[in-house]
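*Asks:* Given next are the chains, with one letter for each unit.
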Amino acid sequence: MNSDAKREALERILAESREIRGVSLWQDAWSRLRRNRTAMISLWCLMLLATLAIMTPLLPLQSPIDKDLSQRKFLPPNVGTVVMGSRPGLKFAGGTLSGQMAEFEESIRAMESKAQSTSDPKERAKIKQSIEDRIEVEHPFNQMWNDLGPVAWWMCEMRVAVFGDYAIPSLFGTDKLGRDLLARVFWGARVSLIVGIVATLVSLIIGVSYGAIAGYFGGNIDAAMMRVVDMLYSIPFIFVVIFLVTFLGEDSVKKKLDSIGIDQITIFYIVIGAIYWLTMSRVVRGQVLSLKHEQFVDAARTVGASQTRIIFRHLVPNVLGIVIVYLTLTIPAVMLFEAFLSFLGLGVSPPDVSWGLLVNDGVQAITPLKTRWWLVVFPGAALAGTLFALNFLGDGLRDALDPRMKNRT
Amino acid sequence: MPPEVRRGFVIFAGLVVVAAVIWAARVEHTPPAEFAFQNGTDPSTIDPHRATGQPEGRIIFELFEGLLRMLPEGDPDPETGLQPMTPQPAMAETYDISGDGKTYTFHLRDGIFWTDGTPVTAHDFAWSWMRMLHPATACEYAYLINEVALAEPFNKSIVEVGDRVEVELWDRPGESPGGEASLQHFPRGTMKYGTLRNIVKPDEPKIAKDASEEKREEITQDWRERWIYEVDVVELESDGSFAADSTATLQRYSVSPDIAQSDDGIQQAHWVLVDFQHFGGAQAIDDKTFVVRLNNSVPYFLNLVAWYPSFPVQKNCVETYGSPMWTKTENIVTNGPFKLQFRRLRDRIRAEKNPDYWNAKNVSFKTVDFVSLESQNTALNMYETGQLHWIYQLPTSVMEDLEVRDDYHSAPKLSVYFYKLNNDVPPLDDIRVRQAISMAIDRKQIVQQVTKGGEQPAYSVVPPGIAGYKGAEGLKENVQRAQQLLAEAGFPQGRGFPKISLLYNTSERHRPVAEVLQQQLQNNLNIKVEIKNMEWGSFVETVQQEKYEMARYGWVGDYPDPNTFLDLWVSDNPQSNTNWSNPEYDGLLKSASGELDPAKRMELLRQAETILATELPIIPIYFYTSAEMAKTNIVGFAPSALDLHPLSVLRFRTDDSQPAKD
Amino acid sequence: MRDLFSYLIKRAAWMVLTLWAVYTVSFILMRSVPGNPFGGERNVPPAIERQLMARYNLDAPPLQQYWDYLVGIVTRFDLGWCMGLEDYSVNQVLAEGFPVSATLAIFALVFAIILGVSAGVVSAVFRRSKADVALMFAAVLGIAVPNFVLASLAILLFVFMIQIFPAGGWGTLQQIALPAFCLGLPVAAYIARLTRTGMLEMLTKDHVRTAIAKGLPYRTVIMRHVLPGALLPVVSYLGPAVARVLTGSLVLEKIFAIPGMGSHFINAATQRDYTLAMGMVLTYTVLLFVMNTLVDLAYAIIDPRVKLQ
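Residue numbers (our numbering), protein chains in the order written: chain A, 1 to 409; chain B, 1 to 662; chain C, 1 to 309.
Be aware that a few hints might be false.
[Claimed, not checked] No farther apart than 27 Å at their CA atoms in a straight line, the calculated lysine-lysine pairs in the DSSO-like style are these:
1) 470/B with 590/B
2) 73/A with 476/B
3) 370/A with 452/B
4) 444/B with 470/B
Hints were generated in silico from the structure; no laboratory data involved.
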């Protein structure tokens, strides 16, 4: 029959209409956003920050974990030159990181040539193995950075190749154990941003699906699902989090989770994400409720699209605008929450750093006798600045995506 | 809603807000106490027989008073600044010690009263010691007076056939046979006394070989509860003495309600314990004389008598209100230099001078605040603004600024900071590995750069400053030797060494030490350490279940003797948790406890300590020092080795008593 | 009025259900955390541990414990004895801590509303002025700075540099001022932003334009026609605001050494004080639920468009 053809035609029209609608909305929003100066500055700042955070291992920063207790405790911000690996306690060859690396590589090469010269394959495999062991354990990087992943390792190698032993002076000062605060702020950014983003994504997935399903089905299902949300709103989640973090931090539990490849920080994201989805789900539900009687949904239904498809292909993309706005508002909330948990001693554990941990350390150092202001000001400014930018961006996006603002300037 | 309702509602809401603000603004103004100090964590109890921590101890030392009291004697040591403290007569005016050191006779002074006006008698002490040792009190310090005759079997509820026993029947107030147990173990039910003739034990249960220790204990305990005790009960005469044995009648008792229910001839009892009340080593001869008999002489026994678990509580008060209600402000009866005025959770305990105290004329402060305060920064802030007069936990970040001030006091403490190693976990089971780790730690850096309170590096466990004792040398830092040892153990340059985890309880004081240790082991041995923190509760649990590799610990001496630091590590001590055992070590400690000659005893203990410092089941880091701030106008404040500061001897300097020195 | 009652009854039923769910979840969570509350430093002999377990009914099978405790709470409001603070029952702890936390929260909220609404109005009325920019900048700052940082800075500033407030403790109005300020500031910032947005929106409404065109004094228009409508979002934010103040007080009570419920809450959770922790969770749940209900109710009464359901 020609219903196929009709259907095809219909779908084509549908696709076209969706295309037109979508494009115009986004373009319109974009052009409005571009006119909002604060939002644009925030956006650029955030992008710069994200880039810097990703590139941190490449930057000529000092070691975030190497503690120089005798020389460099509580140094105020300064521009004194610092040579990587020059701390006597490290006993690096020539007092530099590159010197030690050269020496180390030399000895590895010696072993390699020995491996080449042996004919016995078993012996060779054994030497190869011990080379790998040595690189893993004795490489000077272990003294300067903690648990580098393969990418970060490679970036650190690049950094040494490009900058050698040069390191940016302690522009942000040093902390009570003589670590460079600038480096720590940068390395902390990686953890804080990842916690913020991943936890928010988790909340996004839960909140959007939940809200969309409730809104789409409506009626009793909706009522029941929303009552559950109401109920959850009344639960003091901080308590649940404290409990979960303690519970999941137990050795026995941790080993079990490790065996299925989940580490503590992942759990951290999931736990936080799992409590920040409530508002998101309410907002999405509201939007879906108003959208579901729109013609394009009816049309999709008429052509026989499944309900899952309608929800996730037709409705969800249409609420994306508001979702993005809430996203930019949830990330700061999550980052603040991470700081709060650090204050309670439940955050990331050293030598990992996060901004929350740094700010908390800084607050500890504020006493009536001595104000080591740099310890709280720099990490605090980094945290507050990011939250600031996210808030402004969120506001800008809300204005930009608000259809009522369409003809206003 | 009609508009009037709306408007009405807005007005109503406004009124509610105003009312709330007025309610919130009511100020129950409490005048500040004359003397206030930081007392650490909120005390969990002020019952002397239940308390364990230092904050609780400080309060109990002021509210209650024992036979003796730790008080300053002589002048502070010019070198260390330590104020010598000795047990001095308190409730007891004098005491005699028998030649073999096994019998102590305390003579109570006249004019000592409880705060309810009744006199303090020797019977109060006898009863209090029994309460402290009673298994149901669950006093954690009961083991300290194990040497008192019959104290140990009474406390651990061990009875043997032939023992003189006491039986407490199941008829405490509010109890019916077979019904719910009353949780108040004082006042006791009807007591029966006699001689244990036989114990009818059911077949010993089979315990699966792979059963966990917990399960084992549970099964044994269940089994013990089903024992039937056959006792020749002797009636008491009206004056409390025993009638002749010929009047004894055989009675059968069981603590299990099921067994008592199933057989009319068996009575249900709470406890069948040795008769400590009549035959134990703590007896009141008359109102003024209290006699203690020991199984073996204990050189530091007077210190134990001056230690708060052996302080008296009033029988009438405890029995009337029950535990813990008797500790409430409106109920509590005490006998110390101060009495409780009010207790506010997480805020403070306010005590006022007790006018009926025998030595009240020498107590200066009218009111004293024990302020519950954990945060070091907050404490310092409050000290600097004059809200506190004495703080003892100082933020390390400003130590350099504090230690040069006049109001700073520092002195060695009888306590040690160390890391426990789980000696069952490879590679820590290898003595060379343990020695390597210990030698690779730069303790000087830790005490000088991290803790900064004047702590002394520790290479062994007994702190310096115990009279007549010179500690073991221990192994000093030696990185080369450490690397060599590690290589000998099969980990050249740290290759193949697994990542070990280091556990500490959440605290701003422990984290930097752990972080520095992490760096030192990484730098010197290429050993990777993962640091983890846990709240105290989980931390202790994890260590006790031996699910750790390295764990931070501290030990504060209970009495000034090496024994308190050394007997932790004997093979069967449940608090060791290191899985380390050395028969030679156990033997040395055992012979030391039987040795009467102090010099020889100390030598035996020193040999034991040398073993410990060589095998290193634990890695000592440093000996604590106290670092505290006390306002300069306080007279009588000086640090002491056991960290005791009796408030009753402190006073403010008055202008006329202070000669113009500077 | 009938709606109102049926609404309240419905909410009460939901509250009971919520409490039951919270009770169940907390019970399971607490019992599944490894470790027991009596793991003191010195090992307790088994016989004595049994005594302790019996005191807290921990020797019964878990289901029995679940039921007994629930019955105790429902019939006698008896939350049992604290496991950590052994001289206190949970009810006594709550009775001592609640008034303190409530006082702090009331001051913080009232302060936040007054400051937030005034700032919002000023910045909306003088839109795009320097005052507007400054206020909104301050508002974002208030939202972005963690309150423990704020508290430390406030102590430095108002306790040591300008010595007008004591450093901590509880009992006088002076001691309440600083923590209430730190607690209320982020909420005030949020309220200011909400008020400003609401005002701007109302200013574009036809009836407001008409009123202005009619020549009514500007002040009257603002107070009569703009503000009531603009405050609606603020009212609906009060529910989350209470939650925020309660969470925030956990931190501030710690920093300022205030003996409220918040400090108990953290300790109970981390120290395995099962009974106290349970009491705290249930109390906070009731508080949040009641506040949310009151806010919804207020919203329905104030806003003619909203119906109770």
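*Asks:* Any hints from earlier that this structure breaks? Give me their numbers in increasing order, please.
*Replies:* none
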